[in-house]
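Participant: In UniProt numbering, the protein residues as written are 1 to 262.
Simulated from the structure, these hints should not be mistaken for lab results.
Glycine included, each C-beta is placed from N, C-alpha and C at the ideal position.
Treat the hints loosely; a few may be bogus.
Ranges between beta-carbon positions, derived for each pair [unchecked claim]:
#1 9 <-> 73: 14 to 22 Å
#2 14 <-> 102: 22 to 30 Å
#3 228 <-> 202: 29 to 37 Å
#4 37 <-> 204: 37 to 45 Å
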Amino acid sequence: MERAQVPDAAAFRAFRQRCQDGSWQRDRGGLAVCLQLPPPGCAVHQLKCRIDVPDVPAETMYDVLHDSEYRREWDSNVIDTHDIAQVAANADVGYYAWRCPKPLKNRDVVMLRAWQVEDGYHTIINFSVKHPKYPPRKDLVRAVCLLTGYLVHSTGPNSCSLTYLAQVDPKGSLPKWVVNKASQYLVPQMLKKLHKACVQYPAWKQQHNINVKPWLYPEQNKLPVLALSELALQRAASLENIDESSLAEEKDESSDHSGLEN
Numbered sequence: 001m002e003r004a005q006v007p008d009a010a011a012f013r014a015f016r017q018r019c020q021d022g023s024w025q026r027d028r029g030g031l032a033v034c035l036q037l038p039p040p041g042c043a044v045h046q047l048k049c050r051i052d053v054p055d056v057p058a059e060t061m062y063d064v065l066h067d068s069e070y071r072r073e074w075d076s077n078v079i080d081t082h083d084i085a086q087v088a089a090n091a092d093v094g095y096y097a098w099r100c101p102k103p104l105k106n107r108d109v110v111m112l113r114a115w116q117v118e119d120g121y122h123t124i125i126n127f128s129v130k131h132p133k134y135p136p137r138k139d140l141v142r143a144v145c146l147l148t149g150y151l152v153h154s155t156g157p158n159s160c161s162l163t164y165l166a167q168v169d170p171k172g173s174l175p176k177w178v179v180n181k182a183s184q185y186l187v188p189q190m191l192k193k194l195h196k197a198c199v200q201y202p203a204w205k206q207q208h209n210i211n212v213k214p215w216l217y218p219e220q221n222k223l224p225v226l227a228l229s230e231l232a233l234q235r236a237a238s239l240e241n242i243d244e245s246s247l248a249e250e251k252d253e254s255s256d257h258s259g260l261e262n
């Protein structure tokens, strides 16, 4: 059983470099995508998406990415999201369940999240862990987040760029249309929705614990403290594999269903 560790400075530097590398395809709306397909026989792909945000400071974007209470307001795909415990001043453990495109089964994940603000960059890194009180549920497929995260770079007093990186094992043989739809439409749409949520966040925060931001002020964190020894890395091999490769896409107008992990 591999124990979980809070990412160190070298891990944050490596994540930043990973976000910045690659062959990007840019659209007219200032949004770029970089998709790295897996080798044959492997279900894990890496998706990166970058968006330029001309009217939101990096600090506001960072707050929105952290604020799980606000996420329930703007993320229509969320089934459940909440913070579980604190493991360090800059790291916690949380739960996130989300709706997937029909007719796929919905997914959930338990993740360790760590963050850092340095040199004009706001960074959040997530990866899957096992928590003794959060075993896989029968009504959801437990996905494995090898690495996901956000890199927010300040480009001015009221502007920033956001890079989202996801390397996820969805625990299943997925049809090709899922990966294509995620990279070409769903994740870009989710980031545009996140942009809109950031614009609205200052007004919302005025009415909801305006001065409470434990991701900036660790002394405000009221979560129970959990020892890292209680957690282990979640590996895909220990979870049930679901074959959904033959499922055809269904039209669903009720939600954007991005599958964007926390």
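Participant: Next step is simple, just say for each hint if it's right about the structure.
Facilitator: Against the structure, the hints come out as follows:
no.	hint	in the structure
1	9 <-> 73: 14 to 22 Å	violated (33 Å)
2	14 <-> 102: 22 to 30 Å	violated (36 Å)
3	228 <-> 202: 29 to 37 Å	holds (35 Å)
4	37 <-> 204: 37 to 45 Å	holds (38 Å)
Of the numbered hints given earlier, the model fails hints 1 and 2; all others are met.
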